[in-house]
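Chain order of the listed sequences is P and R. Numbering follows the numbering used here, with no gaps: position 155 of the first sequence is 155. Numbering follows the numbering used here, with no gaps: position 71 of the second sequence is 71.
Just to be clear, a hint being listed does not mean it is correct.
Said to hold, decoys possible - DSS-like, lysine-lysine: derived pairs with alpha carbons at most 27 Å apart:
id: 1; chain 1: R; residue 1: K81; chain 2: P; residue 2: K16
id: 2; chain 1: P; residue 1: K16; chain 2: R; residue 2: K2
id: 3; chain 1: R; residue 1: K81; chain 2: R; residue 2: K105
None of these hints come from the bench; they were simulated from the model.
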Amino acid sequence: MSETADYKKAYERQKKARERAEALLEARSRELYEANETLKNAYNTLHDQKAQLVQQEKLASIGMLAAGVAHEINNPVGFVKSNLQSLQEYTKSYTKVLKAYRGITELIASKDQDAATKQSLEDLQQLLKSTDLKNIAEDGVACIEESLSGVHRIEEIVTNLRDFSRSDSDDRLQINVNDALESAIKLVWNEVKYNVKVVKEFGDLPLVWAINGQIVQVFVNIIFNAIQAMERQGQLTIKTLSDPYFVHIDIIDSGPGIEEQHLSKLFDPFFTTKDIGSGTGLGLYISHGIIDKHKGKLQAYNAPKAGARFRISLPIEARKQDR
Amino acid sequence: MKGIIFTTFNEMVEEKVGIDVWERILETVNPDSEGIYTAVEDFPDEELLGMVGELSDITGTPAIELVRAFGLFLFHALAMKHSVFVEDKSDFIEFLKSIEDVIHKEVRKLYPNPNLPSLEWQQPAENALTLFYKSPRKLCHLAEGLIKGAAEQYGVEYTMQHDICMHDGSDHCRFDISVQ
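Looking at chain P on its own, in the form it has when it is part of the complex (with noise of 0.2 Å):
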């Protein structure tokens, strides 16, 4: 055979070589692609399961509150309804008075009025002095005010219970943590109001960017535990401070503080030392993925004078971009 031929030959295995490699890498590549998609989608159920989740953990803790904001709600009904009933009261007794009074008026103007008119300015009198005008008109401008500031906070729970419930979306906006904290104080106030004393040591703080439906859950998680964990009565302290960097929220109560093999488990999912049926196990878990996605932090210590002291730190720098 001649050289040329053992060339050709050569160079004839050396291309079908090329083209099996090539072969090889498509196929190689498209298990590669397929392989990528199939994560893709696993990666977005997940994405869609967690969102899901945190809706379905948020619906528990409104369970968890819901006795307490009926509560709270009932107390301004109450004396709302009552101070109505006062009111109700007192119109009539304006009305009769202002009967009286255009009687008079009509027999001032009639011809013949001297025996008639005596007559009634007498019971006139005797019906002003029987309904104490001067206290009605008082208590009936104290009632409306008191009623008005009764439904203000109805609406002010109602409102609170409806913006922590929504689902939330993806928005974040610049939100004062101090206002976050009040919003959630309020949800959780009946458990609070009695036995707790509440000490609030809030600082000036930066804005943050962040969505705050999941910044109030976080809140009200953490302080519904801590009020939990002090069954009802104590201190619980609230403190805000910041730094270049991050605003950070100190929530302290003076419970019992977390058991040392609990510290490292606080955060894993289903997880509770709480009661069956009494706690998800979900709640810190969750927390700690929304403040995890706002790239801040959330620790738990215990406090040097027994008690838990959860930390949480938002940063200050985090654009609407980083998520």
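Please build the complex by placing chain R on the supplied structure of chain P, with the hints as guidance.
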């Protein structure tokens, strides 16, 4: 442009006019790639156009004719390599209709940015198809050859009019195809 176009062009030149012509073309065009082509890489369009031009000079065949002939050769090469796309479609028209949604879709899976032409279609009658070709490369004559190859593959006779053309300033080419 995808490397498979270059490797197939190499094959066609070797098969039709010989390896020495291929070597001459590479010597004259002197491409940056040094003629080392693999199907899975991308290479500059200019290299192919330069080689077609050179082949036209050597053979005395007009470049458009060469591009058309290459389209025909390319179709048969691709059909052999990726026979599944041909086997999947029962006839010529169904195959042409599947280029955009099936074949190009598969190509995109392998290559994230393949710069494929767009090939929309309308079917005015059962045995007719109008294709609308759009590509910044304006390789409509290559498309003509590819279509001819597909007709050969399915063993059909057809007529085709190419009255609207990107080379005449239109933003697309229109191929009116009728199967006999």
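Is the Cα-Cα distance between R/K81 and P/K16 27 Å or less?
-> holds, 12 Å
Between R/K81 and R/K105, is the straight-line Cα distance small enough, at 27 Å or below?
-> The given pair, whose Cα atoms are some 17 Å apart, holds under the 27 Å limit.
Verify the proposed pairing of P/K16 with R/K2, using a straight-line Cα cut of 27 Å.
-> Between P/K16 and R/K2 the Cα gap is close to 19 Å, so the pair holds against 27 Å.
Violation of the numbered hints given earlier is absent; every hint is satisfied by the structure.
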